[in-house]
Structures are given as C-alpha cells and as structure tokens.
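Asker: What follows is the residue order along each chain.
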Amino acid sequence: MLAFLTQRLLQIIPTLILVSMLIFGLQQLLPGDPALIMAGEERDPKVLEEIRQQYRLNEPIPVQYFYWMKGVLSGNLGESMRLKSSVASLVAEKLPVTLQLAGMAIIVALGIGIPAGIISAVKKDTAWDYGANIFALWGISTPNFWLGILMIFLFSVTLGWLPASGYVRLGEDWRASLATTVMPAFVLGNAIAAVLMRHTRSAMMQAMGADYVRTARAKGLYERRVVLKHALRNALTPVITLGALEFGTLLSGAVLTEQIFTIPGFGKLIVDAVFNRDYAVVQGVVLVTATTYIVLNLLADVAYMLVNPRLRG
Amino acid sequence: MTAATLPTIVAADATEENPWARAWRRLKRRKGAMVGLAVVVLFVLLALFAPLIVPYDPIATSWSAVRKPPSWAHWLGTDEVGRDVLSRVIWGARASLSAGLVSVGIALGIGVPLGLLAGYAGGWVDAVLSRIVDAMLAVPFLILAIALAAFLGPSLSNAMIAIGVTATPIFVRLTRGQTLAAKVEDYVEAARAVGNPHWRIALRHVLPNIVPPLLVQASLAIAGAIIAEAALSFLGLGQQPPSPSWGSMLNSAQRFIAQAPWMAFWPGFAIFFAVLSFNLLGDGLRDALDPRHK
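These protein sequence lines are chains A and B, in that order.
Residues 1 to 313 in the numbering used here are what the first sequence spells out, letter by letter.
Residues 314 to 607 in the numbering used here are what the second sequence spells out, letter by letter.
Only chain B is shown next, with the shape it has when bound in the complex (with noise of 0.2 Å):
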C-alpha cells in the first residue's frame, strides 16, 4: 500500500512551483517593479563600467570649460571648475551604491543575528536587545547618521559606518518579530523533537524562512541609504571631494544655481531615479513575496 501510493507523492512533489521561481513569476506581473529592477540594473552596469563608459576624467579640472552649459562636447555641461558633469554623475553611481549595498550589508550583518538572537533566545537577552533597539529608533534615522559620522569623521566609508549601524534597529526588530513567529511552526518544532543543536535550528530552519520579508526590507533600507548617503555628502560629512558624489555635487551645485543650474539638475535626478527604483522594487518584492500584500 506503502509502496504504492509513494510513487504519487513524489510525483505531486516535482509538480510543485519552487517558492522563488513564484515569487520571480509574480514579480515580472508587477510593471513598476520590473521597471525599477531594469533601472536598478542599468545603474550597477554604470556603476561597474564607469571607466570604460565615462568621456572625460571625472576629477580633471579645465579652466577653460568653467560652468559650460549642455553640449555636444559635454553632453551634461560642466561645472564650477570645469569638470564633465556626465562623467561625475556615472561615477557618482559608484559612491552611491555601494553606500547603499554596503551600509544595508552592515545593517543585515548586524542585525539579522542579533534580531535571531532575540526572538529565539527570548528572556532576559531578548528585554535588553529589545530596549537597545527602542532607543536607538528614537533618534531620528538622519540624526542619528549625522551624530555618528561627525564623531566617527568625514569620509563616504565612515558615512557607510554611519548609515549602517542607524539602518541596524529595523533589521533586528523585524528579525526577532519573524523568529518569533517562525519558531512556533511545525518545522522547527519537528527538527527540536530530532535533537538538532539550538544555533543548527536557527540557521538551517529558521532563518531561511525569514529570508522574504528581509529581502524587502533590505531593498527599501537601500533607498533610504543612497539618501542617506546623497544627504551626508551633500552636508560635506560623506564622500570628500575632489572625488564625485551625487550629494557633494549637489552642495556646489547649490552656490552657482543662478549661473550653472545644470550643475543641479543631473545628480539630483540620479538621486531621483535610483531610490525610486529601489522604492519600486521593494513594493513589488513585498507583493511577489506576501502574499497578503496585493
């Protein structure tokens, strides 16, 4: 009987939809996610190429080309000191996502295990990793980036340091709010009842079915932090000059927008496009990856 019936649910297992081939099949129905995911591409492909792609050298001063409108020499003008505004804003890709890749990965490094900690371990470790949580969420995310980057000192790494302990917060909370969750499902229970170590049944049961929400997160925390890095820079605490920065540029842009206003308008619609991307795809991931998000 056994025997029989085995070869019929094997079968109905191979039938069955991988969960992330759904959730990339629900996500290509999304036209503002997909338009976010190609613009999200186009940017790191920019980012990636910047030498290979930018026309003129983006810190190469020119006396001669000071606050040269929009032409066909330079296709996004010049700025205060003559340099390419097209190839600053190509390279200026690079500063800003890495800052967002790279403080969202310290917020994730940081937050995800101790946000597993939490939830998993409760008691004691839980109260005081929740109360840690509680007031660093009290000051607000920019203040707070602020504060630590002016003790930790300018520079676009220390501004990455910055942004990524401010990020940390949510990523625990959210974390130890799926564990919590997470830990009273059959799954974890079953692999409890056949004696699996504590850390073995947080990091191979748990944490990959909390893995969605966090990916959304992660995608809109990237938003935040590419302004969060555009504002550091812009405020002259992130990214130092000479080398390009959507913010940095955006600070001169400031002085010499009567006379050069060109000089504002491009690293601002960088800033503009990629965070709305990210903004885009995180809401099509929450909806591809939730099913009760429509």
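Looking at chain A on its own, in the form it has when it is part of the complex (with noise of 0.2 Å):
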C-alpha cells in the first residue's frame, strides 16, 4: 500500500510540473504585446512598463516561468487586474459557492443514477430498462445551458416557484440558499446522474452474475436482500470511484451553469475573467482546477485499493 502511494505520488510530480508549464504557456498564445493586451484600454508607457516589470516580460520565456512557478509554489498565484486583489484570495472566496454547489449536484446525481442504474440491471431488457437508458442518453446528450434555461422557463417564468437567478450564502439564510441553488444543482447533476446509472448498470449486472449472489440465492434469502447488500455493496466500489473522476465533468458545468443562473462562484470568476482579460485569475483559475482534479484522482486511486481487498496485497 505504502509503495503504491509513494509511486503514485512520484507519478503525479512530474504531471504537476507539465500542467504547469502548460498553463504558463498560454500567455506565449497572446497575439502582439502581452503587455499591451493585459493592459486592456490602458495606453500610458508607465504602466506597460510597471506590467512589464511585473510579468518580467522582458526575461527570457524560461526565467519568467521560474519566476511565476516560484509565486506559485509560495502561494502566490498573481494579481488580478481589474479587481486589483490577489487571485488566491479571489480563488479562496468563491471556491465554497462552487463546492457548495458541486455537492448539491453529487447528492442530485447519486439520488438519481444509482436507483436508475440498479432497477435497469435488476429489471434488464423491460420498460425500466429502456426507460433508464433513454434517461442516460437524454442526460449525456443535453446541453447543460439548454437545460439550464428551460427549467427558469418552466419553474421560475411559468410557475413562479424559484428564483432565475443570483445567490443566498447557506451560513446566511439556509432555506433561500436552497431555494437559489436547487435548480442549477440539478442541471449540474443531471449528466453525471446519467454516467452514473450506465456505470451502476454495467457493475450491478456483473455482480448479479457472481457466485456469491448465487448463493445468497440459494440461501433462501429475499430477492432485495440480495440485490441491495450482496450485490449493490459489492457493484457500488467502482461506481464511486468511477464517480469520482466525474469531479471535471463537475468543474466545466460549473462555469456554464454558474454564468446561467448568475451565481457568483468559481466557474463565473473564470468566464468574468476571460471577459475583462484578466489573463493571471484565468491562469490561476485553471491551475487550482487542474491541481484539484490530479489530487482527487489520486484520492480515488488510494479509495479504491482501500476498499478492493484483493488489490490491497
């Protein structure tokens, strides 16, 4: 276990150094003078020249990349220009409306793809079936932003029953912070429930064919005994591990699904970001993203041997 973790912790070292050279290289992408972009409408020779010094735009491509690798790994991930604060502590401010949200969309996909998953399997080639495997194609298919606009169509338009748009903290006034984020939380969750359902369905029809199904079978025990604790336990171990690497799915939703019902989160700094040119939120944006993303995936790696006995010796 413990060499499993320190040659995937090794692995990961050198992925980290690459995302981060890929990131910085974006800037090399800007057409012209950075300085003069980053500048937006700004024109005056001093500040270009203070931007300049800044970015140390005029070392060489590598000495400005150890630089802003040396701001990174102490913390420091720029400055951003047009809210003139740093992008830590921007990140640090909306990073838990995001995973405020994330979470609601988890709690949505698990409420829907793993019954979906499991009755599909249970109940293979009848009407459930087919009716859970439209719903994955439906969820796989649908653009989250499309969704997005007909359900403030439907219940806030039409029905009047939630709010279009803005955010209410959960510390602040829980039932309006529902209120506020129950409807993106399900347009977020709805493409992972149908990943999770294809997922539940293809590990719960492998576990029903198991032998230990078969003797719980022939122990005499309920058919939904043996579904739900000797094959769902057992199906489940991949599902959520294979749940977990979704968490990208997650974070790109998030940017739609944010700039939709205006909610002022991780994905909307992003998209704000890219707006106003604020090239430093959007490197650091991607940067905390893909980080997150690597140690999670790592997480799932390490969940998965905890749990999967046979991998653990």
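Incorrect hints may have been included.
[As the list claims (entries may be wrong)] Some, not all, of what chain B presents toward chain A, calculated at C-beta under 10 Å:
| id | residue |
| --- | --- |
| 1 | Phe454 |
| 2 | Pro510 |
| 3 | Leu520 |
| 4 | Pro521 |
| 5 | Val524 |
| 6 | Pro526 |
| 7 | Leu527 |
| 8 | Leu528 |
| 9 | Ile539 |
| 10 | Phe547 |
[What the hints assert, rightly or not] Short derived list, chain A residues pointing at chain B, Cβ under 10 Å:
| id | residue |
| --- | --- |
| 11 | Leu9 |
| 12 | Ile12 |
| 13 | Ile17 |
| 14 | Leu137 |
| 15 | Val255 |
| 16 | Ile260 |
| 17 | Asn297 |
The hints are simulated quantities; they were obtained by calculation from the structure and are not laboratory data.
No residue lacks a Cβ here, since even glycine has one placed at the ideal position from N, Cα and C.
Assembling the complex is the task here: the two chains are given apart, and the hints tell you how they should meet.
Answerer: Structural data, given as structure tokens:
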C-alpha cells in the first residue's frame, strides 16, 4: 500500500510540472505584446512598463516561468488586473460557493443515477431498462446550459416557484440558499447522473452474475436483500471511484451553470476573467482546477485500493 | 499436392466477408445507430444546402418582426431583432457540424501520429509523450478549451482549434494503447521480418488495424465537440454575432426567455438531436466494430 502510494505521488509530480508549464504557456498564445493586451484600455507607457516589470516580460521565457512558478509554490497565483486583488484570495472567496453547488449536484447525481442503474440492471430488457437507458442518453446529450434555460422558463417564469438567478450563502439563510441552488444543482447533476447510471448498470449486471449472489439466492434470501446487500455493496466500489473522476465534468459544468444562474462562484470567476482579459485569474483558476483534479484522481485510486482487498496485497 | 489444394484455399478466401461489410451488416441491425446515422445525414444535408433551403436571410433584421411567435410566415418565430429563427437554426448547423468535424480532424491529425510514435517507438519518447498527455487530461475539457479560446481570441476558427487541441490527448492515448497491442501481433512481426522500414510498418500495417476504435472515438468526440462549440459560442468565445450558431442563439435567447421562449427551444433541440445522433452512432459503431462490446 505504502509503495503504491509513493509510486502514485511520484507520478503526479512530473504531471503537475507539465500542467504548470502548459498553463504558463497559454500566455505565449496572446497575439502581439502581452503587456499591451494585459493593460486593456490603458495605454500609459508607465503602466505598460509596470506590467512588464511585474510579469518580467522583458526576461527570457524560462526565467519568466521560473519566477511565476516560484510565486505559485509560495501561494502567490498573481494579481487580478481588474479587481486589484490577489488571485489566491479570489479563489478562496469563490471556491466555497462552487463546492456547495458541486456537493448538491453530487447528491442529485447519486440520488438519480444509482437507483436508475440498479433498476435497469435488475429489470434488464424490460420497459424500466429501456426507460433508464433513454434517461442516460438524454442526460449525456443535453447541453446543461440549455437545460438551465428551460428550467428557468418552467420553474421561475411560468410557475414562479424558484428564483431565476442570484445566490444566498448557506450560513445567511439556508432556505433561500437552497432555493437559489436547487435548479443549478439539478442541471449540474443531471449529466453525471446519466454517467453514474451507466456505470451502476454495468457493475450491477456483473455482480448479479457472480457466485456470491448465486449463493445468497441459494440460501433463500429475499431478492431485495440479495440485490441491495450482496450485489450492490460490491458493485458500488467501482461506481464511486469512477464517479470521483466525474469531478472534471462537474467543474466544466459549473462554468456554464454559474453563468446562467448568475452564481458568483469559481466558474463565473473564470468567465468574467476571460471577458475582462484578466489573464492572471484565468491561469490561476485553471491551475487550481487541474491540481484539485489530479489530487482527487489520486484519492480515488487510494480509495479503490482501500476498499478492494484483492488489490491491497 | 500444393497445386491441388491451392484453389480450395482461394475459394475459401473469396467467400470470407470483408470486415467493413461485416461491420456495416452489424451496424444495420442496430436501430438506435441507424436512427442516429439518419439524423446525422439530415443535419449534413441541411448544412450543405442551407443557402437553398432557408426561407429568409439568417442575418437580415426586421424591426417589424421583433420577437414574433411561431406563425405561417416564420415557422419557428423570430428573435430579438426580427431574424427568422428557422433560417438561423439551419445555418447554425454549418457552424456546429464544421466545428465538430474540424476540431475532431485536428485532434486526429495531431493525436494519431503522436500516439503511433509513442506506442511504436516506446522508451523515452513514449514516457515524455505520455506525461504531456497526462498533464493535458488533468485539466477538465471545457476549462482547458475556454482558457485556450480566451488566449487565442474569440472566433469560430479559434474555438475549433481550442476544442481540437483539447481533444487531442484522448486520441494520443487511444492510438498508443492500440499500437502497443498491435505491434506484438504476428502480422507486424512478419512485416518486420521481411525487412520493412519502421515508418512503413507503422503506417501500412499497424494504422489500418487500429482504425475501428479510432472511428468509434471520433464519432463520440464529434458529439463532445458540438456541445463544446455550443458552450464556447454561448459564452461568446466561438461564432461571433451576427453569424448564426446554436450556442450564440441560446445566449441571446436567455435574456428573452420570459417574452420569447421559442428563441431558446429550437437551437437547444438542434444541439440535443445532433449530439444524441452522434452518440447513438458512436455506440452502434462500437458494438458493430468491437465484438467484445455487446
């Protein structure tokens, strides 16, 4: 186990270095003088020189990368040109909002995806199975920004049940907070529910054909107990770890969902930064996202090792 | 003896079904895949013949027809500046399908040679390429595409480049894996034994044998690329106004959802059906080309 963990930790170091190079390299794609682009409307030579000094744009690219990386390692992700605030503090401020949304989306995804997958596997080749498969295809093929707009039309404009946009912190007023996040959480969770349903269906079908399920049935256990206690417990392990890999979908989805519902989270931060040409924020957000994603993948691998006794030895 | 048995072998070979014909026969049996293929063909025809089909100029505004609901004159209604929604949805198929095809073309064009190189050469070449692929896959797809499109500048062609580059690592990884499996097969050993150069073995013997999984992945990747292009255009990083694209149509529709909901319905349905049809086709191709998937 320790050897596996050490090996995985050593593997992510070059990946993280390459990710940082990739994200730093984005800056080189800017057409023309980066200082001029970063300055936006500002054309004062003094300001331009300040930018060049701040980002060491007069230095060779490897030197620029070295200083950028040195800052990143000491927690300095740069400074937002527009908000005049450090990128790290902006990320720290916006991340909890997205995490709340992501947490609720995962509850939605688990609540729909896993029961749908179980039903589909247990009632294979029936109308239930076809229905669950159609739901999965619908979830994978529906753009979440469209689903968001349709839900606003139905629940906010037509029925007037939920607010169309805005965000209230959980600590301020939990009811209002839930009212503002339930639609975005459903939109975000819908696609992941579809993926989880497919994973659960295939894992459950495999588990239902296993010897221990046959033994459980031979003992005369009720079918419900066989399915939920014997098959599901074994089938859920790969589903949960594969589900953890859907974190990337969640973050990508959050960008669009937060934009539609005007939620001031991590996703909206990157979109606003893109439109205000606040490149330091774009780089910082992408770096934090990638690092979180890599760490979560590692944790998913470790969790899989921990719960699967055959891999532990 | 040899001369006597030869005609029998030739005859047996002649009756053996071509693998592509077999795949097509299997594909035809899958209703979902055939429906997907039919819808894909329909969208391709709409995109190709858009100038001949559309009832109105998709960018012509009309202040007397602002936000009109569906009617005989405008089957799918009009938008906030009086443009015909049906004409814009049909023209939008061009942006979406070309984004899907071009970006997957870019991903295949870069990913397949690099994957072949990594899988065939092995050693440090494989190690370096695999680490770069890991790094690119570590950034969530849409976030990397948004970042790339942001730095390249907003336009449909830059969005296609951003999506294509972002989709490349999947093809590198897939091609590498398939090449690793193919290069130990007898036919590659035989090609090596008769003295073929490495490039020839890779291109003439390995590549044709790894096409089926690439084809399946390409079909599913087109679905992903269509959604990604719509998402980038929705955010204002893809097709620029007034040119029609399904994503940018949804962007403006969002602001008028209470007054003109039809503006949001049709471009959304178009994205949904295009993505669904490529997903159905991809699933069907996987079943038809890979006998392990049933």
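Asker: What are the numbers of the hints the structure violates, in ascending order?
Answerer: Structure breaks hints 2, 3, 4, 5, 6, 7, 8 and 11.
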